[in-house]
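Once you have looked at the hints, place chain B on chain A.
Each chain, written out:
Protein chains: 2
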Amino acid sequence: MSENNLVISVDAMGGDNSPRIVVEGINLAHKDNPDIRFILFGDEQKIAADIKRFPQMKDYCRIVHTSEYVRNEDKPSQVIRNKNTSMFMAIDAVRKGEAAAVISAGNTGALMAISKMILKTIQRIHRPAICTNIPHKDGMCVMLDLGANTECGAINLAEFSIIGNILAKHTLGIERPRIALLNIGAEEMKGREEIHQAAKMIKSTHLDLNFIGYIEPHQIGEGYADVVVSDGFTGNIALKTMEGTAKLISGVLKGAIKKSVLAKVGLPFMLPVIWCLKKQLDPRKYNGAMFVGLNGLSVKSHGGTDAIGFSYAIDNASKLVRQNFVQTIRDEVEHVDLDELSQDILYDVY
Amino acid sequence: MSENNLVISVDAMGGDNSPRIVVEGINLAHKDNPDIRFILFGDEQKIAADIKRFPQMKDYCRIVHTSEYVRNEDKPSQVIRNKNTSMFMAIDAVRKGEAAAVISAGNTGALMAISKMILKTIQRIHRPAICTNIPHKDGMCVMLDLGANTECGAINLAEFSIIGNILAKHTLGIERPRIALLNIGAEEMKGREEIHQAAKMIKSTHLDLNFIGYIEPHQIGEGYADVVVSDGFTGNIALKTMEGTAKLISGVLKGAIKKSVLAKVGLPFMLPVIWCLKKQLDPRKYNGAMFVGLNGLSVKSHGGTDAIGFSYAIDNASKLVRQNFVQTIRDEVEHVDLDELSQDILYDVY
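In order, the protein sequence lines correspond to chains A and B.
For the first sequence, the numbering used here begins at 1 and goes up steadily by one.
For the second sequence, the numbering used here begins at 1 and goes up steadily by one.
Among the hints, erroneous ones may be present.
Which copy? The list can't say, so a pair holds if one copy fits it or any two copies do.
Think about it this way: if two alpha-carbon atoms lie no more than 30 Å apart in a straight line, the pair counts; the simulated BS3-like pairs of lysine-lysine are [what the hints assert, rightly or not]:
1) K83 to K96
2) K58 to K264
3) K31 to K169
4) K75 to K203
5) K120 to K190
No lab work stands behind these hints: they were computed from the structure.
So here's chain A without its partners, still in its complex pose (with noise of 0.2 Å):
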């Protein structure tokens, strides 16, 4: 396989129901990207039992036998260094040049670890963070970082911003995408130091974003920003609230009707509503948490999702690698030097 074709590398061991879910959302997915190519790797013979249902499948599927894979309850720590998992070996194909990504549903934190040892971060990036697509009432918008980074300093923030640029470009579609900083408040003053020292790294004159200030939460669902930026903590705090209390309301939502006649023979009139609710707010369309920030683009998929949610996560994956996404982040860092806007902030705060 030449470096040219769209390659996409798979750890067909990851997830819940793994390789048959896996199989079923490459073969989706197939159908929206025909110039995709697959490499599997894990267990040929279960893996081949699957690709049996779809006989065009091994035009543009090539799988890669492994004897060993990523368990769910493994510490990254043990499983960073075995070489022989379907999970390294998939994401050993992108630093290779075989495949332009790498999707498994797998282990998140081992996923995370063997990715940042195999593929390291880009060069003037200084972490990496995990980021997906989250709706709002008119479309969709980036957050990042949803957790690889528990704590962040003013440069990481304003790191996050130039890749969550670039992310909302490309997935999104979106010209000149308005960044906004994850905050308490939307006075000057309100928060934290670092997301203060951040704000000023992003209106300096050297960072050309469309930077909006701050947002607050409950202005995510709004619309209000394209890319929302905060450490990985604060991320992932507001991306499991946001789970959380959608799964609170849809409970709510089915105990009431079951307890009611009436609103079980209303139910049918409701169906329209349903199917928008799911098409609007279905999370399998948000499936696909990229770990972005690396020479090489490496996205989980939620352990849980069926086909339809693998799917997702590759049509996601390959929006980001025809548009050349790293490429973009290695061009857009190399004319800004953040380590000494960094030290201009500090010596202008002290």
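Showing chain B alone in chain A's frame:
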């Protein structure tokens, strides 16, 4: 008025529709709490005009005229020294022992700053916190800090656990509340260092708390804990994310119903569901952010709430006052030397 009566002082000029909403809220709260007496601070003429509609109110309400009031756009640093505002005087009534709690729907920052200055932090408590009750699938839980402290050390989080424990007992009637620290993972080493240290402090034998470890945000709605403890930045992010997500979902639902003729036909069948949803998740029920850890109780009602919401804030405050909330905190921390405990933990770490 003697100290034995339950007296609540009210900043009648705070909030979007004051004093009307405030007066109507007091009238509602009176029905369930006929023993509470109120002192209303603000423009005497305006308040009297509103009270006229409820002739009985003069039996349990006293008006203290103030010519000034705090505006939403006023900075806390500006209003903190103005002793003539309705907010300042309402808080000062608690210091003087004329009232057991103060409620305002006005400027949050000002209320917190003036309350802290006048009422002062309880001895042995390092920092006050903002807390509120939030819904989960089986009931409610207490969440704190929601924004008083942007950054917190382990000792603050441990203190919030003690206060939260009493809050859950008094406002929710839970005998042995399950206390959890908000974090991004369940494993011991996940998240920030101060959270790990706080866990050690809370687990120590000095504190007799029903500590269940870490809670992730999506577990709050599942009802895993009765008290959710975090620093004020994280708590504020989580709370505002809940608000935003609920608003996004209800907006999408309403939009979908509007677009569908079928759904409009079915809507009347869904009324029991809407009632049930409102009953369980109505934000007015959770109105009243309590500023706790001070020598007196200071309660912030949502500025845009209605009379029902304001009456819930009164109701919540009265529950705490009836059970001698402030004195209970004093008693609990009297035999816990958190500073010493904190030193032990630090020696343990380094």
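Each hint, compared with the structure:
no., hint, verdict
1, K83 to K96, "within (14 Å within a copy, 71 Å between copies)"
2, K58 to K264, "neither (47 Å within a copy, 49 Å between copies)"
3, K31 to K169, "within (24 Å within a copy, 57 Å between copies)"
4, K75 to K203, "between (40 Å within a copy, 25 Å between copies)"
5, K120 to K190, "between (35 Å within a copy, 23 Å between copies)"
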